[in-house]
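**Student:** One letter stands for each residue in the lines below.
There are 2 protein chains.
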Amino acid sequence: MNDRDMPDQQQLKAQLTAYRQSIDNIDAALVYMLAERFKITKKVGEYKAKYNLPPADKEREKRQIERLRRLAEEAHLDPDFSEKFLNFIIREVIRHHEQIREAEGE
Amino acid sequence: MNDRDMPDQQQLKAQLTAYRQSIDNIDAALVYMLAERFKITKKVGEYKAKYNLPPADKEREKRQIERLRRLAEEAHLDPDFSEKFLNFIIREVIRHHEQIREAEGE
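Taken in sequence, the protein lines are chains P and L. First residue of the first sequence? That's -8 in this note's numbering, and the numbers climb one at a time after it. First residue of the second sequence? That's -8 in this note's numbering, and the numbers climb one at a time after it.
Any given hint could turn out to be false.
Since the list gives no way to pick one copy over another, a pair counts as held whenever it fits inside one copy or between any two copies.
With a cut-off of at most 25 angstroms between alpha-carbon atoms, the simulated DSS-like pairs for lysine-lysine come out as follows [as the list claims (entries may be wrong)]:
id : residue 1 : residue 2
1  : K30       : K41
2  : K75       : K41
3  : K75       : K4
4  : K4        : K34
5  : K4        : K53
6  : K4        : K30
The hints are simulated quantities; they were obtained by calculation from the structure and are not laboratory data.
Next comes chain P alone, as it looks inside the complex:
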């Protein structure tokens, strides 16, 4: 690389800071969306516990994974990652639902 093309320390830092501000904004949005998602799955857990509905629905999960993989492709996100992400979230939801059932003394 030509020395003239090399940004100085201040320019490097400014560019990194700009990227990081965008990442931080997106992370805040993700946290608020996740909080809302768990509010809904908490209600689903309470509803299923109240009416004795089965906690897991494998068919529903399969459809969710297929849909998220399709959306990921549209968004140019790795579909495998979107599947890993959904499984990560679902593990947390199951943990919450178990807590709800335990709290209800089942």
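Add chain L to chain P, keeping to what the hints say.
**Tutor:** Frame of chain P, contents of chain L only:
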């Protein structure tokens, strides 16, 4: 529970469907936000590789975790989960950055 309070199958299904539609909407938003986040971290990875900057920044990660935990509390999301979530994302980012460095023959 009194039989009169028990919703019939159709009502149960309609309520679950309503919850699931909200979950699906949020999941679509999450996928698109994640796609955007990885677009930026990809640029960061390329930038760091180009100018030979260190791939990881432990101080930055520490600040990110503290901030996300604070945002999670505001959003009534489990702060421990927000930290697990960020670590899950960062693992994926590191995987991408390693791919970028390998592709550049480092």
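**Student:** When no copy is named, should K4 and K34 be tagged within, between, both, or neither for a Cα gap of at most 25 angstroms?
**Tutor:** between (45 angstroms within a copy, 14 angstroms between copies)
**Student:** One pair to classify: K75 and K4, alpha carbons no more than 25 angstroms apart. Within, between, both, or neither?
**Tutor:** Close neither inside one copy (33 angstroms) nor across copies (28 angstroms); limit 25 angstroms.
**Student:** Is it within, between, both or neither when you check K4 against K30 at 25 angstroms Cα-Cα?
**Tutor:** between (39 angstroms within a copy, 19 angstroms between copies)
**Student:** Between K4 and K53, at a C-alpha cutoff of 25 angstroms, which is it: within one copy, between copies, both, or neither?
**Tutor:** between (44 angstroms within a copy, 18 angstroms between copies)
**Student:** When Cα atoms must be at most 25 angstroms apart, do K75 and K41 count as within-copy, between-copy, both, or neither?
**Tutor:** Neither: 30 angstroms inside a chain and 30 angstroms across chains, both beyond 25 angstroms.
**Student:** Within a copy, between copies, both or neither: which one fits K30 and K41 at a CA-CA cutoff of 25 angstroms?
**Tutor:** within (17 angstroms within a copy, 43 angstroms between copies)
The structure fails hints 2, 3 (numbered hints given earlier, in ascending order).
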